[in-house]
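Residue numbers (the UniProt record's numbering), protein chains in the order written: chain C, 1 to 553; chain P, 1 to 282; chain U, 1 to 313.
These are computed hints drawn from the structure, not numbers from a lab. Predicted, not measured: the structure shown is a model, and the values here were computed from it. Treat the hints with care, since some could be wrong.
To be verified - Derived coverage of chain C by chain U (criterion: at least 3 residues anywhere in the stretch with Cβ under 8 Å from a Cβ of chain U; other residues may be distant): (1) 111-122; (2) 156-164; (3) 200-213; (4) 254-264; (5) 373-379; (6) 403-416.
Stated by the list, open to error - A short, non-exhaustive set of chain C residues, derived as facing chain P with CB atoms under 10 Å: (7) G235; (8) V239; (9) K282; (10) N326; (11) V330; (12) D332; (13) T333; (14) I334; (15) N338; (16) I424; (17) D428; (18) A429.
Just so you know, even glycine gets a beta-carbon here, dropped at the ideal spot from N, CA and C.
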Amino acid sequence: MALRIPSPRFAAILALSTAAILLAGCADTRTAGSDPAAVGAPITGGTAVYLEQQTYTNLYPPAAGFYPNGGIMNQIADRLVYQDPETLELEPWIATEWKTNETATEYTFTLRSDVTFSDGTPLDAAAVAKNFDLYGRGDADRALTVSEAINNYDHSEVVDASTVKFFFSKPSPGFVQATSTITSGLLSPKTLDLTLEGFGAGNGEDIIGSGPFTITGEKIGTELTLAAREDYAWGPPSVEHQGRAYLDGIQIIVTPEDSVRVGSLLSGQADLIRAVEAQDEKQVEAAGFEVYAPQTNGVNNSLNLRFRHGILSDIRVRQALLAGINRQEVIDTIYTANYPLATSTLSKTALGYVDESATLVYDTAKAEKLLDEAGWTRTGDGIRTKNGQKLTLVVNEAAPQPRSFEALTLISQQLAKIGVDLQILKADAGTYAEAIQDADRVQIYHSIVGRADYDVIKSQYYSTNRNVLLNRNPQDNSIGDPKLETLLEAVASKVTPAERAAADKEVQDYLAAQAYVIPLFEEPQVYSAAGYVQGFGFESVARPSFYNVWLNK
Amino acid sequence: MTSPLIERTDAAATAGARLRRVQPTLVLAILVLVVVLAWAVAPGFFTPVDPVQGDAAAALQAPSFRHLFGTDATGRDMFSRTVYGAIHSLSGAIIAVTVGLVLGTLIGVLAGSIGGVADDILMRLVDVLLAIPALLLALSIIILLGFGTTNAAFAVGITSVAAFARLVRSEVVRVRHSDYVEAAFGSGGRYLAVLVRHVLPNSLTPVIAYAALHFGTAILAISTLGFLGYGAPPPTPEWGLMIAEGRNYVATSWWLTTLPGLVVVLVVVSANRLSAALASRR
Amino acid sequence: MSYILRRLGQAVIVLLAAFTGSFLLLQALPGDALLIKFENPELGLSPDQIAAIRESYGADIPLPVQFWHALTGFLSGDFGYSVQSGTAVRDLVAEVLPDTLRLAAFGFLAAVFLAVSIAFLSTFPRLAWVRGVLRSLPSLFVSVPVFWLGIVLIQVFSFQLGLIPVINPSPAQELILPVLTLAIPISAPLAQILTRSVDDTLLQPFVAVVRAKGASRTWVLTRNVATNALLPTLTIAGILCGELIAGAVVTETVFGRAGLGRLTEQAVAHQDTPVLQTVVLVSAVVFVVVNLVVDLLYPVLDPRLTRKAGAPA
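Extracted from the complex, chain C is given alone in its bound form:
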């Protein structure tokens, strides 16, 4: 009885799904946001519906590196200094001016005097000092961590109501830029007394900043409502728009399924969405929607080769992997033009970038030759072996990065051709957290880091920062390559931009010469918005900014 009937039923299901699929591609075609000249004066009012991929976890500013957290922080908190996302120049914002001593161990900031937090407290020197005392030193008793962007912080000194001084134990040349990042969002002194729990999801309304929006409502895990501050009058002076935000409010809704986010945008149920996956870009553009792909301006999306592991300690094997991966094919197959091919460890738009593309050449013949020389032999098309050991390497799936799994799948297919077995670690969070700290379990680490400062390369590779190469062995704290350490320390101790750029160049040259890193592409964050959404912008590492957004409808 079962099979007799299904045929029409199958047909119906098939027809239904096919119809859904076909129709999805051609949902109502709006006219895209035509060129700014044709658009009239900004309209104040309206609420924007913004779909997030993940729920935010915490609004402690140093935790704002996580995209959903940063996407909120950027709306509710101002910073001392404004970094132009295009030029990466540092410009006044809450601080009208700043100066430093010659060794970059003392900084003095002068503040504007008309700024208040949304609870009415003034944003004065004492408040700023309290902010950085917390972000610079952390508070382990409250499980509040030190900001990754702030190095060598010692203490602050309130000179007068509008002047504050910061002191550092060692040179900290990246500090001014650090004050411009979302991880240095300025919060009201009362908010800074919260514990990590107090900053957690569910307490959004308690997080008081001086930004153009305030959090007014929350449904834990699914929704957050932001409202414009009527009296906001301290946008960065270099931004054309002053005064309150154009929007009355923002409704942030968590929509984890990619197809639902895109479909909601295309069917007019949402105004803006984050994380448009590469495979959906075409569909979104074809329907006349705007695709935004701001760059993260830091260390590229890369494969980091953990050179202290037995197999990868041989430079020939590392060079062979580099030559055996067809990076252009990965980009053509998995990504789009918004994901430019990497030409160095750093992104072209990052500070301190130098072109290393001469060292990044795809050449399978060379790869095979190198592996032969290194003693890894193969019979036929099999996996290479050496002394009975298989040439098997494990790479982690970088879940937060776009299409990491697909890209690694393709790379493992490419490496199979030169006789290398690349396995992808897909595991639960606990196993994953342990495995990525152990070169015996994960030999190749897939990751990026975005920050528009010379320091970013140190963040990624230095032994007590992210340590992605495991140059410091977490088991015994030994250092494998002291030269890399020295080069990275130089980045954080030089004072002038020219010296710092030179230090960055040395690191990039060294990483390329040693074949420690296989950079894949310059990672953007891809957003999309309906055509009537105007003024959608981003800060320097691609977190959205709603201050200038208005709805032309």
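With chain C's structure known, arrange chains P and U on it following the hints.
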């Protein structure tokens, strides 16, 4: 049915008529299962294409004669992946059903037939299994054992033990108190003999129906684990995982979920058809 | 009355066992919540900073002491804080529980409605093809992946036909698609068991006798078959309620709804013990209560269960 009361001419006639009427669909169902079993046993016979090594230049192609089920994002042939996936998915479902059925029936029969304190203890154990959310149980088991089709299947099986046990017990209790079993006891039947000859066979009809349904549920449960990110490790071509991975393309490359999905639907429906035929022939 | 007391006592034991069992299970998992949260290289924390945080959380207290703290905390109504987000677990659960209960209740009602309709309609002798269609529905229902069903329902009814928005739906609209997505697969086992029970019952001799006496088919079905078939249905229902509470994770994820299922999934992923222990407690309480009711209903629905000694037919 073993009860003599049931051996009535009209019932037998109905059963016979039903059997004659359904033959073509039964044949079709068996055919589907035979083909899929053959996929599992000798996948290389059905497709020359490597299921793991793709052709990047031919990524995300719609179904064609060259690629019957189209290709995925890295250019792998989906038909080939479906064929090679048969062994993983079928063995996964079989493991899950076996674990659930064997452990569940054991607990259920013991509890239902012994009764008393043993019943209480066993059923409270089952309650504990049920009181912990199945999702939590399944995910924890997978995290403990590691990612893999067999481990996921085992986890799915464990989460169904309680359901089988409760169902078996309630059936055993129902049958035990039914008139003909009471009569069998009354006419001096030995406990174990009555249990095996009367109680078990008569309790099993709904249990077998549930097991047949659970075969399909198991494939889908493994797929759901894939959806949540706890599926087979790559690049295993497991059906459930293929459906789960392809869902992001539902609006752009429909074949990625739809075609493996249809294979799953066909297999599940066929297995149900077969089990219905087996049940009605007893 | 003593029966009820005994069952209550057992219910408390089940709760305690579930609590302990899940605590042990979570401790057995590799890694821990602090490791997952703070030792991620993306945070860029130095080893010293991590050590300080671990100490402040009391991560290295012996297990039995941790268990004692958890248990006494729960008994005094203090569910602790989520390690992952730092939010009070009480707030997390209180926020999602009403949504989950509403979805589960409507989902279950819809599933029962679907199953009963299928079972009753499919036993009508006339319209053989309709009967065939209906009988094949459960196997179809159960062979479609839930997440796929949800996504297709959204694509068709929300994105193409524009009937029901998924973003900011009205209270009346918001439950339609999720309830359907939840109910369809759940109705399948119910319908299958109901159909079999109805078939079996119709073959029982007493039915023929009653019908020979002139009773209509519908009368027989509603009076006799319904009560007989209800038992296995109730059994399944008791089992499903657990699934409905925390198993709606797929529906919740696809529709972007808050719920206990998603909370559970995320808490397992991050080994967020305080959240998981609370989820176990909540679902165990719901489960124990529902099943107590089902158990108490058994004898009411089937008087044969109360007979201890076999009475001759």
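Could you tell me which of the numbered hints above are not met by this structure, giving the numbers in increasing order?
-> 1, 2, 5, 6, 7, 8, 15
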